[in-house]
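Sequence order for the protein chains is A and B. Offset between the first sequence (1-based) and this note's numbering: plus 778. Offset between the second sequence (1-based) and this note's numbering: plus 778.
FYI, nobody ran anything at the bench for these hints, they're computed from the structure. Mixed in with the good hints, there may be bad ones.
[Claimed, not checked] Now the stretches of chain B that chain A is said to cover, found in silico as 3 or more residues with beta-carbon under 8 Å:
#1 862-870
#2 896-907
#3 929-943
#4 946-959
All C-beta atoms in this analysis are idealised placements derived from N, C-alpha and C, irrespective of residue type, glycine included.
Number of protein chains: 2
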Amino acid sequence: MPGIGRKSAQRIAFYLLERDRDGATILSSALAEAAEGIGHCSRCRMYTEHDLCSICSASGRDNTQLCVVESPADVMAIEEATGFKGLYFVLMGHLSPLDGIGPEELGLAALQKRLREDGIAELIIATNATVEGDATAHYLAEMATRLDVQASRIAHGVPLGGELEFVDSGTLSHAFFGRRAVE
Amino acid sequence: MPGIGRKSAQRIAFYLLERDRDGATILSSALAEAAEGIGHCSRCRMYTEHDLCSICSASGRDNTQLCVVESPADVMAIEEATGFKGLYFVLMGHLSPLDGIGPEELGLAALQKRLREDGIAELIIATNATVEGDATAHYLAEMATRLDVQASRIAHGVPLGGELEFVDSGTLSHAFFGRRAVE
Numbered sequence: 779m780p781g782i783g784r785k786s787a788q789r790i791a792f793y794l795l796e797r798d799r800d801g802a803t804i805l806s807s808a809l810a811e812a813a814e815g816i817g818h819c820s821r822c823r824m825y826t827e828h829d830l831c832s833i834c835s836a837s838g839r840d841n842t843q844l845c846v847v848e849s850p851a852d853v854m855a856i857e858e859a860t861g862f863k864g865l866y867f868v869l870m871g872h873l874s875p876l877d878g879i880g881p882e883e884l885g886l887a888a889l890q891k892r893l894r895e896d897g898i899a900e901l902i903i904a905t906n907a908t909v910e911g912d913a914t915a916h917y918l919a920e921m922a923t924r925l926d927v928q929a930s931r932i933a934h935g936v937p938l939g940g941e942l943e944f945v946d947s948g949t950l951s952h953a954f955f956g957r958r959a960v961e
Numbered sequence: 779m780p781g782i783g784r785k786s787a788q789r790i791a792f793y794l795l796e797r798d799r800d801g802a803t804i805l806s807s808a809l810a811e812a813a814e815g816i817g818h819c820s821r822c823r824m825y826t827e828h829d830l831c832s833i834c835s836a837s838g839r840d841n842t843q844l845c846v847v848e849s850p851a852d853v854m855a856i857e858e859a860t861g862f863k864g865l866y867f868v869l870m871g872h873l874s875p876l877d878g879i880g881p882e883e884l885g886l887a888a889l890q891k892r893l894r895e896d897g898i899a900e901l902i903i904a905t906n907a908t909v910e911g912d913a914t915a916h917y918l919a920e921m922a923t924r925l926d927v928q929a930s931r932i933a934h935g936v937p938l939g940g941e942l943e944f945v946d947s948g949t950l951s952h953a954f955f956g957r958r959a960v961e
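Go ahead and model the full structure; you've got the sequences and the hints to work with.
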């Protein structure tokens, strides 16, 4: 499991066995329930216990803006950081032909259907700033353009608090050529 | 000195004394020459041994673009990363009223003069993405606007290779609201 190696695992196991058997039982049933009960939102593919996730079923969200991300963790991060009030679509990965992950695995047919039918004005592409994320972003942007939906991509550049001297040259180059006019 | 604490200093000193006295002499005279001979470029305030630095005196640079940075290290970073062919202005710091650093200490009168007289079409503001860098950027942008020069600022956002999940929320928020339309 991420962040838990062999030693940490042993420590946790012995701790539960020695001091907190009740906790172990509770954790066990919570895990079983989660493994059993949590599926994907039928609309945005986010994790949920219901047919629709809490965001898709919330009232008062702006359904003209759709933000595409790679993973459920990204949804949480954007919700916390930005106060974005639109809807999401979770790819659950990125295009990676070598690993056999194509448009089908990412549910792009469902996304295309939403772009066509749901009256979406802007597709905000928030895939990672990695090579695979870039390739996926290009694919999504083309799809949106074909369907006459405005696509936009979140900004890449110097991170907040960053000093130019310590930023890697790829980021600096992107930031420089991605400069924007100050009004 | 940055990166060299008490122990490293002692190790270097003993190394030079025990094994490389010639090196110590060479280093000593190089330091003395540098301390004596290196001043600031009269045009852009970059370090140089001459009146004009190698960038200001180079032929073939585009003198309609002027990039403002906080430190000489930033000039080196941008030169290496971007292939930018315009000219620079080095503030040698940022606005910081509490430390007594105002427009005068940053040589902004000279910058203003260049904006007015040198036929500059774009002022590229590449101060750091810190609070002080932001304040300085605002000041510079206002100055440029007053003088009818287009100001632009390098992009802030997710660094290259960055995954959304691991980016701090301030940066993510900036990246989200700084998103740009894909053509």
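Taking the hints in turn, this is what the structure says about them:
1. 862-870: violated (count 1)
2. 896-907: holds (count 5)
3. 929-943: holds (count 15)
4. 946-959: holds (count 14)
The structure does not agree with numbered hint 1 stated previously, though it agrees with all others.
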